[in-house]
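Let's have the full structure, built from the sequences with the hints guiding it.
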Amino acid sequence: MKEYQTITEISGPLVFAEVDEPVGYDEIVEIETPDGDTLRGQVLESSEGLVSIQVFEGTGGIDRNASVRFLGETMKMPVTEDLLGRVLDGSGNPIDDGPEIVPEERRDIVGAAINPYSREYPEEFIQTGVSTIDGMNTLVRGQKLPIFSGSGLPHNDLALQIARQATVPEEEDGGDDEASDFAVIFGAIGITAEEANEFMQDFERTGALERSVVFMNLADDPAVERTVTPRLALTTAEYLAFEKDYHVLVILTDITNYCEALREIGAAREEVPGRRGYPGYMYTDLAQLYERAGRIEGREGSVTQIPILTMPSDDITHPIPDLTGYITEGQIIVDRSLNSQGAKPPIDVSDSLSRLMDDGIGEGLTRGDHSDVSAQLYAAYAEGKDLRDLVNIVGREALSERDNKYLDFADRFEEEFVQQGYDTDRTIIETLEIGWELLSMFPKEELNRIDEDAIEEYYLEDESEVAEATAD
Amino acid sequence: MSQAQDTETVREDGIIESVSGPVVTAADLDARMNDVVYVGDEGLMGEVIEIEGNLTTIQVYEETSGVGPGEPVENTGEPLSVDLGPGMLDSIYDGVQRPLDVLESKMGTAFLDRGVDAPGIDLEKTWEFTPTVSVGDTVAPGDIVGEVPETESITHKVMVPPDYDGGDVTAAEEGEFTVDEPVVELDSGEAVTMHQEWPVRQARPALEKQSPTIPLVSGQRIQDGLFPIAKGGTAAIPGPFGSGKTVTQHQLAKWSDADIVVYVGCGERGNEMTEVIEDFPELEDPKTGKPLMSRTCLIANTSNMPVAARESCIYTGITIAEYFRDMGYDVALMADSTSRWAEAMREISSRLEEMPGEEGYPAYLAASLSEFYERAGLFELLNGDQGSISAIGAVSPPGGDFSEPVTQNTLRIVKTFWALDADLANRRHFPSINWNDSYSLYTQQLDPWYRENVAEDFPEIRQWAVDVLDEEDELQEIVQLVGKDALPEDQQLTLEVARYLREAWLQQNAFHDVDTFCPPEKTYQMLQAIKTFNDEAFAALDAGVPVGEITGVDAAPRLNRMGTAEEWDEFIDELESNLEAQIRELY
Ligand SMILES: Nc1ncnc2c1ncn2[C@@H]1O[C@H](COP(=O)(O)OP(=O)(O)OP(=O)(O)O)[C@@H](O)[C@H]1O
Ligand SMILES: [Mg+2]
Chain A
1 MKEYQTITEI SGPLVFAEVD EPVGYDEIVE IETPDGDTLR GQVLESSEGL VSIQVFEGTG
61 GIDRNASVRF LGETMKMPVT EDLLGRVLDG SGNPIDDGPE IVPEERRDIV GAAINPYSRE
121 YPEEFIQTGV STIDGMNTLV RGQKLPIFSG SGLPHNDLAL QIARQATVPE EEDGGDDEAS
181 DFAVIFGAIG ITAEEANEFM QDFERTGALE RSVVFMNLAD DPAVERTVTP RLALTTAEYL
241 AFEKDYHVLV ILTDITNYCE ALREIGAARE EVPGRRGYPG YMYTDLAQLY ERAGRIEGRE
301 GSVTQIPILT MPSDDITHPI PDLTGYITEG QIIVDRSLNS QGAKPPIDVS DSLSRLMDDG
361 IGEGLTRGDH SDVSAQLYAA YAEGKDLRDL VNIVGREALS ERDNKYLDFA DRFEEEFVQQ
421 GYDTDRTIIE TLEIGWELLS MFPKEELNRI DEDAIEEYYL EDESEVAEAT AD
Chain B
1001 MSQAQDTETV REDGIIESVS GPVVTAADLD ARMNDVVYVG DEGLMGEVIE IEGNLTTIQV
1061 YEETSGVGPG EPVENTGEPL SVDLGPGMLD SIYDGVQRPL DVLESKMGTA FLDRGVDAPG
1121 IDLEKTWEFT PTVSVGDTVA PGDIVGEVPE TESITHKVMV PPDYDGGDVT AAEEGEFTVD
1181 EPVVELDSGE AVTMHQEWPV RQARPALEKQ SPTIPLVSGQ RIQDGLFPIA KGGTAAIPGP
1241 FGSGKTVTQH QLAKWSDADI VVYVGCGERG NEMTEVIEDF PELEDPKTGK PLMSRTCLIA
1301 NTSNMPVAAR ESCIYTGITI AEYFRDMGYD VALMADSTSR WAEAMREISS RLEEMPGEEG
1361 YPAYLAASLS EFYERAGLFE LLNGDQGSIS AIGAVSPPGG DFSEPVTQNT LRIVKTFWAL
1421 DADLANRRHF PSINWNDSYS LYTQQLDPWY RENVAEDFPE IRQWAVDVLD EEDELQEIVQ
1481 LVGKDALPED QQLTLEVARY LREAWLQQNA FHDVDTFCPP EKTYQMLQAI KTFNDEAFAA
1541 LDAGVPVGEI TGVDAAPRLN RMGTAEEWDE FIDELESNLE AQIRELY
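These protein sequence lines are chains A and B, in that order.
Last residue of the first sequence: 472 in the working numbering, with the numbers rising by one and none dropped.
Last residue of the second sequence: 1587 in the working numbering, with the numbers rising by one and none dropped.
The hints are simulated quantities; they were obtained by calculation from the structure and are not laboratory data.
Cβ atoms here follow ideal geometry from the backbone N, Cα and C, with glycine treated the same way.
One should not assume that every hint holds.
What the hints assert, rightly or not - Partial chain A-side listing against chain B, Cβ under 10 angstroms, derived: (1) Asp26; (2) Glu27; (3) Val43; (4) Gly49; (5) Glu297.
What the hints assert, rightly or not - Heads up, simulated DSBU-like pairs for lysine-lysine below, C-alpha to C-alpha not over 35 angstroms straight-line: (6) B:Lys1287 with B:Lys1531; (7) B:Lys1106 with A:Lys244; (8) A:Lys385 with A:Lys344; (9) B:Lys1106 with B:Lys1209; (10) A:Lys385 with B:Lys1531; (11) B:Lys1415 with B:Lys1290; (12) B:Lys1415 with B:Lys1209; (13) A:Lys444 with B:Lys1531; (14) B:Lys1531 with B:Lys1415; (15) A:Lys76 with B:Lys1106; (16) A:Lys2 with A:Lys76; (17) A:Lys76 with A:Lys344.
Have a look at this one:
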């Protein structure tokens, strides 16, 4: 392997070096600083005689005399089932003083795309125990469902609650030991040590660590490394899911930090920036992460992704949530005002969506009335929320009896359906029952989204009488 | 060149000079613009997109990780083309027409490997050919010379290729043939096979464009009822993420009365394509009763697949559509999403360091969009028959803001505009097509068809619905200030009628077995029922009945059940007479 001492330029996270042999695009590079540190990087552009290298750990300490070695291969992740229970840094090196990891395979971290023909459509209901998710934005195995949050909001508590409570109900009944097939991959991308500890403590407390692989790129770790951490995590996830039959839940947090790193590299390369300074290829880049969720025909396991991102200034039209929403299969919105009202978890269902819900629910999967109940709850909550604006202007007395019912409904919906606490694990049946209690505030004719047979079966006559009585 | 071709004309090979993502430059390559080349030791497929001095720039249709300078580039000397012939229906292709099922078995994995080729149609398979011409007949380019039962529902027409001279038939044989065996021979020395090739960036010729007068019936109430598209028309569906673009496209692919559907998944989700592959074989075409898949060709270049092939998938799709059009079929092409296509152009263009136009898109964005939509239309074909392509493109504006270049440039071209609305989607009003912002410029030219085939007064009752919805829109502004109960009774009643129009008529659940498809007769009858309610209610109001009593009749909320009712005609008849009876009883 040839060594070069031909660095011509160092700029931000990039190093340019002259070479006299061909170097492949994306190839891994080692740079040895005069102090004897070895830094790793990746070829971003390769032309005859000149390569640009993005250095993961940052270019600090590199000078013109540093030596550059091209390893002749693209970046790989050593994978094995023994990774379960281990904690690695953002470049995949163990940091938990555990035994040496003997890989079974070394996999390219830029995963090849799953052939759309080979996919299996995800439709197995995952019960998270959270009503706003299970009832109205159902998660299924193999889905990519991000959490859109804001800074300072309790998205981590929600992610942990999901990781703790997620089960697939039928299989539980079947009694076979499915729990062992479940694994969590946690990829920390530029989060604070404090946040990371929150996750680690919860994993340790619940024993989840044993079936987890943790990748840690913290806030003070190199920013460029953030572009590889999620790829290492997803490569590991794919291996466990599609070679070892695990149902893998991947939590990546915070995608916003990942995108900032992309922007930084783009700027250093003097690329023409896209919207708000983020690179024009950010959609494609994010898709190469998110599309690594899924199921494959004929394989047991699955990769389910819950990426977390904090929306800058809570703005859902910001490029990071916007491009994410265009790729993922829905989104769960953590809302600031519900949070200040004390709702736990403060999920705003209005903007939330699960696109894979329709095939994962219903007769034989959850319950026959699930879809209708969800649609009716959505419609009623939207109407109630609209009326809140009006009531501020005209007052309650000016509203009809019907309108007042919708207002009451919106309040009760937030207090009883949304609010549940991070330790309450509701079954889907419990969730639907709460839904019916609330919907039964309305006369039957108002429930125009629900099948008439379902109304006969589940409508609670008492509730509407109670509502009548209080309305008088 | 197409995948099926031999590389006879190997020209001077070149050497890779630099690699940057999907863009590779090569030195010393003897090539023309748009030639297909094989790049690097692995032979990755690419296309020449710029020539400058001794340097040739290539967009590569596969991932380029690990490819480096010094590796060879081999030119095929042929432009990017598709293989056309029987076997395209019930298939799924990537953006350069490689069949994804064949790739799976050739690669032996569920993941897309590199450097594997496969022809767009099976070259080994034999098809049953029946000539429709006899020896001595004179045939010209575009003429149909025979038929092949391609799928359960579609007969493939074998045509004289547009670039042939034509002549007198000297042989025409019935029997089993592979696609490359001659089936009809001409005295010009030309032999017609079941296999044509066509360069994707070049429109297939037709005689002339005609003005369409027949709707592409979609089975969706808001579309057939308010904003119809013609067979041979163009439509755009812009909307923010999660507003229903894909579901709308899928609904059209499922239920529209096209003969052939070409569905292009351009830079979108893998699972959405899987959904089509899994659902369509199970669903029945309402027209033929045959599985939907047998009239469908899928092109899938998902968001994580190479960006250059995303740029080409639109062309692959429209060329396949043109080929079926040439057989005289009505083809519907859905492209989800044209924004991803535009972004692919932008990405390639910025790697070429071209001068960026608005928002970084290349200056030729508008031209590329209109070239694409221009390939749609109702055509008089070379052989004198008619065939059509209806093109329906989803648009994904950043931040849901319609003022951006792709939406704006598309709006200048297309004649039907289905504007999706995040607010409607959030309240689960589906399809979330905004009835105030959307429009169809085909309405007038399609009215005669509606009068003749659905109901004589269809245009009038549609106008009535539009007027009520408009009035509601104005009244809502007042309601926002004073509340509904402060309005005069007749306006309260109008609001109630408008509510039924929205909830019972405009809303349509794509996931409900019955509601998902609504024939135009039902669309009309449902509207008629709401009109009956309106007329009866206003008559009662005039007679002095309080509005609360009128809207409180038992039958009224049952209007909301019309869409999902099993036996809709009986249901609606009964409902109308109940409405009449119950309201008249009040005075
Ligand atoms: N006609 C409909 N009936 C019922 N539900 C619908 C309908 N249209 C859309 N939806 C709901 O809205 C969700 C989002 O729709 P869709 O996936 O089509 O959005 P999109 O506009 O294509 O978003 P993106 O731009 O992110 O691809 C669907 O998963 C479905 O739940
Ligand atoms: Mg979509």
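Here's how the hints hold up against the structure:
Annotation: interface hint on A:Asp26 holds; nearest CB of chain B at approximately 4 angstroms, less than 10 angstroms. This hint holds: A:Glu27 has a C-beta 7 angstroms from the nearest C-beta of chain B, less than the 10 angstroms allowed. Taking 10 angstroms as the C-beta cut-off, the interface hint given for A:Val43 holds, the closest approach to chain B being about 8 angstroms. With a cut of 10 angstroms, the hint placing A:Gly49 at the interface with chain B holds, because the nearest CB-to-CB distance is about 8 angstroms.
At its closest, the beta carbon of A:Glu297 sits 7 angstroms from a beta carbon of chain B; the interface hint therefore holds under the 10 angstroms criterion. Taken as a hint, the B:Lys1287 and B:Lys1531 pair is honoured in the structure, with Cα atoms around 29 angstroms apart against an allowance of 35 angstroms. Straight-line distance between C-alpha atoms of B:Lys1106 and A:Lys244 comes to about 23 angstroms, which keeps the hinted pair within the 35 angstroms bound. A hinted pair counts as satisfied when its Cα atoms are at most 35 angstroms apart, and A:Lys385 with A:Lys344 qualifies at roughly 19 angstroms.
Simply put, B:Lys1106 and B:Lys1209 have alpha-carbon atoms about 42 angstroms apart, too far for the 35 angstroms limit, and the pair is violated. With a CA separation close to 30 angstroms, the supplied pair A:Lys385 and B:Lys1531 stays within the 35 angstroms bound. For the hint linking B:Lys1415 to B:Lys1290, the alpha-carbon distance of about 31 angstroms falls within 35 angstroms, and the restraint holds. Pair hint B:Lys1415 plus B:Lys1209 holds up; C-alpha atoms about 15 angstroms apart against a cutoff of 35 angstroms.
For the hint linking A:Lys444 to B:Lys1531, the alpha-carbon distance of about 24 angstroms falls within 35 angstroms, and the restraint holds. Simply put, B:Lys1531 and B:Lys1415 have alpha-carbon atoms about 29 angstroms apart, close enough for the 35 angstroms limit, and the pair holds. With a CA separation close to 25 angstroms, the supplied pair A:Lys76 and B:Lys1106 stays within the 35 angstroms bound. Of the supplied pair hints, the one linking A:Lys2 and A:Lys76 holds, its CA atoms being roughly 20 angstroms apart against a limit of 35 angstroms.
Simply put, A:Lys76 and A:Lys344 have alpha-carbon atoms about 40 angstroms apart, too far for the 35 angstroms limit, and the pair is violated.
Hints 9, 17 from the list above are not met by this structure, while the remaining hints are.
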